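**Student:** Spelled out from the first residue to the last, the chains are:
Number of protein chains: 2
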Amino acid sequence: MRPAAVVLLGFGRVGRAFTRVLLDTRSRLRERYGLQLKLRAILTSRGGLLAEDILSQPRLGEASREDVPALSGWRPGLGLDDVLDKVERGVLVECLSSDLGTGEPALGFIRRALARGWHVAAASKGPLAAAGKNLMESARRAGVFFRFSGATGAALPAADVGIRSLAGSQVIGLEGILNGTTNFILTRMQEGIPFEQALAEAQRRGIAESDPGRDVEGLDTAVKLLILSNVVLEADFKLSDVKVEGITRLSPAQVAQAAREGKKIKLLGRLETKEGVQALSVAPAVLEPGHPLFQVDGVEKGITFFTDTMGPVTLIGGRSDPRGAAAALLKDIIGMYGRLT
Amino acid sequence: MRPAAVVLLGFGRVGRAFTRVLLDTRSRLRERYGLQLKLRAILTSRGGLLAEDILSQPRLGEASREDVPALSGWRPGLGLDDVLDKVERGVLVECLSSDLGTGEPALGFIRRALARGWHVAAASKGPLAAAGKNLMESARRAGVFFRFSGATGAALPAADVGIRSLAGSQVIGLEGILNGTTNFILTRMQEGIPFEQALAEAQRRGIAESDPGRDVEGLDTAVKLLILSNVVLEADFKLSDVKVEGITRLSPAQVAQAAREGKKIKLLGRLETKEGVQALSVAPAVLEPGHPLFQVDGVEKGITFFTDTMGPVTLIGGRSDPRGAAAALLKDIIGMYGRLT
Numbered sequence: 158m159r160p161a162a163v164v165l166l167g168f169g170r171v172g173r174a175f176t177r178v179l180l181d182t183r184s185r186l187r188e189r190y191g192l193q194l195k196l197r198a199i200l201t202s203r204g205g206l207l208a209e210d211i212l213s214q215p216r217l218g219e220a221s222r223e224d225v226p227a228l229s230g231w232r233p234g235l236g237l238d239d240v241l242d243k244v245e246r247g248v249l250v251e252c253l254s255s256d257l258g259t260g261e262p263a264l265g266f267i268r269r270a271l272a273r274g275w276h277v278a279a280a281s282k283g284p285l286a287a288a289g290k291n292l293m294e295s296a297r298r299a300g301v302f303f304r305f306s307g308a309t310g311a312a313l314p315a316a317d318v319g320i321r322s323l324a325g326s327q328v329i330g331l332e333g334i335l336n337g338t339t340n341f342i343l344t345r346m347q348e349g350i351p352f353e354q355a356l357a358e359a360q361r362r363g364i365a366e367s368d369p370g371r372d373v374e375g376l377d378t379a380v381k382l383l384i385l386s387n388v389v390l391e392a393d394f395k396l397s398d399v400k401v402e403g404i405t406r407l408s409p410a411q412v413a414q415a416a417r418e419g420k421k422i423k424l425l426g427r428l429e430t431k432e433g434v435q436a437l438s439v440a441p442a443v444l445e446p447g448h449p450l451f452q453v454d455g456v457e458k459g460i461t462f463f464t465d466t467m468g469p470v471t472l473i474g475g476r477s478d479p480r481g482a483a484a485a486l487l488k489d490i491i492g493m494y495g496r497l498t
Numbered sequence: 158m159r160p161a162a163v164v165l166l167g168f169g170r171v172g173r174a175f176t177r178v179l180l181d182t183r184s185r186l187r188e189r190y191g192l193q194l195k196l197r198a199i200l201t202s203r204g205g206l207l208a209e210d211i212l213s214q215p216r217l218g219e220a221s222r223e224d225v226p227a228l229s230g231w232r233p234g235l236g237l238d239d240v241l242d243k244v245e246r247g248v249l250v251e252c253l254s255s256d257l258g259t260g261e262p263a264l265g266f267i268r269r270a271l272a273r274g275w276h277v278a279a280a281s282k283g284p285l286a287a288a289g290k291n292l293m294e295s296a297r298r299a300g301v302f303f304r305f306s307g308a309t310g311a312a313l314p315a316a317d318v319g320i321r322s323l324a325g326s327q328v329i330g331l332e333g334i335l336n337g338t339t340n341f342i343l344t345r346m347q348e349g350i351p352f353e354q355a356l357a358e359a360q361r362r363g364i365a366e367s368d369p370g371r372d373v374e375g376l377d378t379a380v381k382l383l384i385l386s387n388v389v390l391e392a393d394f395k396l397s398d399v400k401v402e403g404i405t406r407l408s409p410a411q412v413a414q415a416a417r418e419g420k421k422i423k424l425l426g427r428l429e430t431k432e433g434v435q436a437l438s439v440a441p442a443v444l445e446p447g448h449p450l451f452q453v454d455g456v457e458k459g460i461t462f463f464t465d466t467m468g469p470v471t472l473i474g475g476r477s478d479p480r481g482a483a484a485a486l487l488k489d490i491i492g493m494y495g496r497l498t
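Chain order of the listed sequences is A and B.
If you want this note's numbering, it's the 1-based position in the first sequence plus 157.
If you want this note's numbering, it's the 1-based position in the second sequence plus 157.
Just so you know, the hints here were simulated from the structure itself, not pulled from any lab data.
Computed from a prediction, not measured in an experiment: that's the story for all the values here.
Treat the hints with care, as some may be off.
[As the list claims (entries may be wrong)] If you only want the chain B side, here are some residues facing chain A, beta carbon under 8 angstroms, derived:
| hint | residue |
| --- | --- |
| 1 | R189 |
| 2 | P314 |
| 3 | S326 |
| 4 | G330 |
| 5 | T466 |
| 6 | M467 |
| 7 | V470 |
| 8 | L472 |
| 9 | I473 |
[As the list claims (entries may be wrong)] For lysine to any residue, the following SDA-like pairs were computed, each having C-alpha atoms within a straight-line distance of at most 20 angstroms:
| hint | chain 1 | residue 1 | chain 2 | residue 2 |
| --- | --- | --- | --- | --- |
| 10 | B | K420 | A | E445 |
| 11 | A | K195 | A | K290 |
| 12 | B | K290 | A | R189 |
| 13 | A | K420 | B | G419 |
| 14 | B | K420 | A | R189 |
| 15 | A | K400 | A | K431 |
| 16 | A | K420 | A | G349 |
| 17 | A | K420 | B | H448 |
| 18 | B | K420 | A | G419 |
| 19 | B | K395 | B | E429 |
| 20 | A | K420 | A | E445 |
| 21 | B | K290 | A | E188 |
| 22 | A | K243 | A | K290 |
| 23 | B | K420 | A | V301 |
| 24 | A | K420 | B | P446 |
| 25 | A | K290 | A | V301 |
Even for Gly, the Cβ is constructed at its ideal location relative to N, Cα and C.
If we strip away everything but chain A, and leave its shape as in the complex, we get (with noise of 0.2 angstroms):
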């Protein structure tokens, strides 16, 4: 059994749905992987829970922020330098939202976890927008892993596939359906609804967020875009480099006339090569039904890799709720310490 100390950043949606995984899934990780999770702080940022064994807390799974300071082991003002000081190397989870154009609060945090040679697994896209590669190199120099999968379409696991199942062949170019809300939107517009009635039906039902510019407008598209082009490529692309149109420009006569000639209209994050150059956009497509994306609807999600030696691969999925982000997490961990064929 191969026990490891885990930190959790963050005790929000993210965190508290990865908290649960890791309960639910205490014993098949023990029997499947060999590996024993301890979960030994959560911070906030009033302050943290320090402890031998907080999964054994009796609470903690209905826990919200608020109950935090009343578990065991409430520390107020625990900073992750004390935590870091006090438990044994192992892996920090970063469930933090932050500043997508700074990395921050989270960037700061991860480059201190990696430099005293924790690994990590960040759910957030902040650090990866704004220096993913340097944080790969970062990992790399001090031989810990740094991986990302909840911060790169979380249950679509576009990342391990772009860069351990097609590594080896060249990447030329990738295209996905990236943002579950703009697709859900664009959905409801083929059969028929406005845009603004969708965008309603989208936010009543939790799927946009009350401000849903960064999805509608395509930003979101292009951070994920650019988080998957850097790692994939180890390229240094930056969001400016990205040429993004969002679908509220799009008018419901456009998508009626795309639905009657069988076609749709999709929201794509492109990456292609072109004489040797690479482009990065986001823009609406008109898809035909042979398209490999061509079945992603709803809040689905989905990526082709265009590649030299294994030709296109195609992955859809796209559970993007916070247990999906958990179970991401949850997976890059299995993925340093426990034992896979």
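Given the coordinates of chain A, work out where chain B should sit on it, guided by the hints.
**Tutor:** Then chain B, alone, in the frame of chain A:
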């Protein structure tokens, strides 16, 4: 730079393609993964080549099996044990064709290599169908890797996703179009071409073998389903546990009827869990347009994993030529040695 010794077992179509991929990717492997693969031996049934750096031999890229004895370092009668004695430990790349029932001759070679602390990347299905679970356990005990992407879909990274990307989730079922030949034939039948004519076309185009029984009777699909189910669930199903029906009894009228209704008939391999009992089956199935594998036409393959925490995850791809299998072998080796994030 990390050097790794490679011993190649078999120099048929896949073995030769693997050698060419090694030649083509040498500099990329060094730059990107810090990895130097040293091809130290090539073994055939009549003897083998043993040399410090086989890849540097000028005519290697064009060599056929008959040319190997003319290359520098040829030793008639050289066997695997001689080579394992003489070469520093590394990875055995198995590219034989072997019996699906007994797994031989590959199985014995793989067992000996694992027992002596060599990693193994396998391309033939026999050993996995005959003793997949046992080989995985042997590798674990020996502390080495046993990987088999080249045997389980090649360019469709089904084993990667099933084992690694879905680690931590529970796979509760899977459904796959796993055989390119039957899918090609069904796609042509869907277009109104009779079975015999579609089969003849597949044979003419090198898609179907001259004896297509294994494909059209569903056996190849059954073997792939068996291997994937066993490795993903760590189960120990036998080929006799799979209920198999091929496509030979499908009438043109049935296919035409599906086409008229906008549906498609596909040969599906299925793992289902019903009331806690897992069942494996292969049979033609009528797919509706919304089905995740509906678009998988021609020689393409596809698989959907149904999971508890990640929902369904679908993978579509499928270059199934020797180059795809060779790329899959290389990917497995990079995963063993290379610096991957």
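**Student:** Does each hint hold? Answer for all of them.
**Tutor:** Do the hints match the structure? See the list:
The closest approach between the C-beta of R189 of chain B and any C-beta of chain A is roughly 7 angstroms, which is under the 8 angstroms cut-off, so the hint is satisfied. For the restraint placing P314 of chain B at the interface with chain A, the shortest Cβ-Cβ distance is roughly 4 angstroms, inside the 8 angstroms limit, so the hint holds. At its closest, the beta carbon of S326 of chain B sits 5 angstroms from a beta carbon of chain A; the interface hint therefore holds under the 8 angstroms criterion. Against a cut-off of 8 angstroms between C-beta atoms, the interface hint on G330 of chain B is violated, since the closest Cβ of chain A lies about 15 angstroms away.
The interface hint given for T466 of chain B holds, since its Cβ lies 4 angstroms from the closest Cβ of chain A, which is under the 8 angstroms cut-off. Because the closest C-beta pair between M467 of chain B and chain A is about 4 angstroms apart, less than 8 angstroms, the hint holds. A least Cβ separation of about 4 angstroms between V470 of chain B and chain A falls short of the 8 angstroms threshold, and the interface hint therefore holds. For L472 of chain B, the shortest C-beta to C-beta distance to chain A is roughly 6 angstroms, which falls under 8 angstroms, so the interface hint holds.
Taking 8 angstroms as the C-beta contact cut-off toward chain A, the hint placing I473 of chain B at the interface holds, the least distance being around 4 angstroms. This hinted pair checks out: K420 of chain B and E445 of chain A have alpha carbons roughly 17 angstroms apart, not beyond 20 angstroms. Proximity of K195 of chain A to K290 of chain A is assessed by CA-CA distance (about 29 angstroms); at most 20 angstroms being required, the pair is judged violated. Distance restraint check for K290 of chain B and R189 of chain A: the Cα-Cα separation of roughly 13 angstroms lies within the 20 angstroms cut-off, and the hinted pair is therefore satisfied.
Between K420 of chain A and G419 of chain B the alpha-carbon distance is near 15 angstroms, which keeps this suggested pair within the 20 angstroms criterion. Between K420 of chain B and R189 of chain A the alpha-carbon distance is near 40 angstroms, which puts this suggested pair outside the 20 angstroms criterion. For the hint linking K400 of chain A to K431 of chain A, the alpha-carbon distance of about 15 angstroms falls within 20 angstroms, and the restraint holds. For the proposed pair K420 of chain A and G349 of chain A, the alpha carbon gap of about 14 angstroms is at most 20 angstroms, so the pair holds.
Taking the CA atoms of K420 of chain A and H448 of chain B, the gap is near 17 angstroms; set against the 20 angstroms cutoff, the hint holds. Among the hinted pairs, K420 of chain B with G419 of chain A is consistent with the structure: their alpha-carbon atoms are about 15 angstroms apart, no more than 20 angstroms. Proposed proximity of K395 of chain B and E429 of chain B is supported: the alpha carbons are some 16 angstroms apart, at most 20 angstroms. This hinted pair checks out: K420 of chain A and E445 of chain A have alpha carbons roughly 5 angstroms apart, not beyond 20 angstroms.
For the hint linking K290 of chain B to E188 of chain A, the alpha-carbon distance of about 15 angstroms falls within 20 angstroms, and the restraint holds. A C-alpha spacing of about 29 angstroms is found between K243 of chain A and K290 of chain A, which places the hinted pair above 20 angstroms, so the restraint is violated. Simply put, K420 of chain B and V301 of chain A have alpha-carbon atoms about 49 angstroms apart, too far for the 20 angstroms limit, and the pair is violated. Restraint check: the Cα-Cα separation between K420 of chain A and P446 of chain B comes to about 13 angstroms, which is no more than 20 angstroms; the hinted pair holds.
For the proposed pair K290 of chain A and V301 of chain A, the alpha carbon gap of about 15 angstroms is at most 20 angstroms, so the pair holds.
Comparing the model with each numbered hint stated earlier shows that hints 4, 11, 14, 22, 23 do not hold.
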